[in-house]
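Peer 1: Sequence:
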Amino acid sequence: MESATTDHHKQLQYCTTRLPYRQGRELKAVKVYTVASESRYLLIFGVPKINLQGNLKTKLQCFGKLQSCACITPEMAAKMELEAFTDVFAVQFERLEVARRAKRQLDAKQFYGGTLHISYAPERETLQELREKLMKRSQEVAHRTRRNRTDQTDSTPAKKRMK
1 MESATTDHHK QLQYCTTRLP YRQGRELKAV KVYTVASESR YLLIFGVPKI NLQGNLKTKL
61 QCFGKLQSCA CITPEMAAKM ELEAFTDVFA VQFERLEVAR RAKRQLDAKQ FYGGTLHISY
121 APERETLQEL REKLMKRSQE VAHRTRRNRT DQTDSTPAKK RMK
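Be aware that the sequence shown starts at 1, since it is given in UniProt numbering, and climbs by one per residue.
Hints are computed from structural coordinates only; laboratory data are not their basis.
In this text the structure is predicted, and so the values were computed from the model without any measurement.
Misleading hints may appear alongside valid ones.
[To be verified] Below, simulated DSBU-like cross-link-like pairs (lysine-lysine); rule was C-alpha separation at most 35 Å, straight line:
no.	residue 1	residue 2
1	K10	K79
2	K65	K109
3	K109	K10
4	K136	K57
5	K49	K109
6	K79	K59
7	K79	K133
8	K109	K57
9	K49	K133
10	K10	K65
11	K133	K109
12	K10	K133
13	K57	K10
14	K136	K59
15	K79	K65
16	K57	K79
17	K10	K49
18	K109	K79
19	K49	K79
20	K57	K133
The whole structure should be built from the sequences, with the hints applied where relevant.
Peer 2: And the structure:
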């Protein structure tokens with residue numbers, strides 16, 4: 001499912017126009033992810049070009065099972081402008097939750113003198129993987145809906161007794 005555009009991999013500027021009470025402890029770039037745009041595949045930009053693939057793998061394996069980690073700098077350089085003297089790695093995790101946590105904890109963090117930029121890479125998924133991801137999400141939502149309904153019916157009699 002290769003996509004022609006790479007705009008979603010570009011790092012966004014941090015939002016500085018939020019009201020003080022809405023501003024968090026650290027600046028964030030405002031970005032919304034849909035079920036289809038989140039992925040087990042990540043692209044890691046900004047890794048210094050000093051043969052750090054083994055070190056990167058070790059760091060990523062702390063989050064969960066890693067299926068693959070490959071340097072794709074030449075492929076990405078043909079599609080977009082990259083920071084000088086850095087590599088880009090394509091990483092695949094076994095589970096989406098692990099990729100989500102790794103992205104959240106490593107994005108904009110220092111790594112051997114470089115600042116990492118991590119983005120989801122749903123264009124690397126196959127159609128079958130996308131179908132499975134959407135079906136899993138639909139099952140999760142159905143399960144939560146059923147659980148919320150049972151929680152509401154269980155708490156209703158208790159409220160009546162309290163009156």
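Peer 1: Does each hint hold? Answer for all of them.
Peer 2: Right, here's what the structure says about each hint:
1. Annotation: proposed proximity of K10 to K79 holds, straight-line Cα distance about 12 Å (limit 35 Å).
2. Proximity of K65 to K109 is assessed by CA-CA distance (about 21 Å); at most 35 Å being required, the pair is judged to hold.
3. Restraint check for K109 and K10: satisfied, since their Cα atoms lie roughly 16 Å apart, inside the 35 Å limit.
4. Using a Cα cut-off of 35 Å, the hinted pair K136 and K57 holds, with the two alpha carbons roughly 27 Å apart.
5. For a cut-off of 35 Å, the pair hint linking K49 to K109 stands: about 16 Å separates their Cα positions.
6. A distance of roughly 27 Å separates the Cα atoms of K79 and K59; the hinted pair therefore holds under the 35 Å criterion.
7. Proximity of K79 to K133 is assessed by CA-CA distance (about 27 Å); at most 35 Å being required, the pair is judged to hold.
8. Straight-line distance between C-alpha atoms of K109 and K57 comes to about 16 Å, which keeps the hinted pair within the 35 Å bound.
9. Proposed proximity of K49 and K133 is supported: the alpha carbons are some 33 Å apart, at most 35 Å.
10. Among the hinted pairs, K10 with K65 is consistent with the structure: their alpha-carbon atoms are about 26 Å apart, no more than 35 Å.
11. Between the alpha carbons of K133 and K109 the distance comes to roughly 28 Å, so the proposed pair stays at or under 35 Å and holds.
12. Distance restraint check for K10 and K133: the Cα-Cα separation of roughly 24 Å lies within the 35 Å cut-off, and the hinted pair is therefore satisfied.
13. Between K57 and K10, the direct Cα distance comes to roughly 23 Å. Compliance with the 35 Å bound is thereby established for this hinted pair.
14. Of the pairs offered as hints, the one joining K136 and K59 holds, with about 28 Å between alpha carbons and a cut-off of 35 Å not exceeded.
15. A C-alpha spacing of about 29 Å is found between K79 and K65, which places the hinted pair at or below 35 Å, so the restraint holds.
16. Between K57 and K79 the CA atoms are separated by roughly 24 Å; this keeps the pair inside 35 Å, and the hint holds.
17. For the suggested pair K10 and K49, the alpha carbons sit about 19 Å apart, so the restraint of at most 35 Å is met.
18. Annotation: proposed proximity of K109 to K79 holds, straight-line Cα distance about 24 Å (limit 35 Å).
19. Distance restraint check for K49 and K79: the Cα-Cα separation of roughly 19 Å lies within the 35 Å cut-off, and the hinted pair is therefore satisfied.
20. Annotation: proposed proximity of K57 to K133 holds, straight-line Cα distance about 24 Å (limit 35 Å).
This entry satisfies every hint, going by the numbered hints stated previously.
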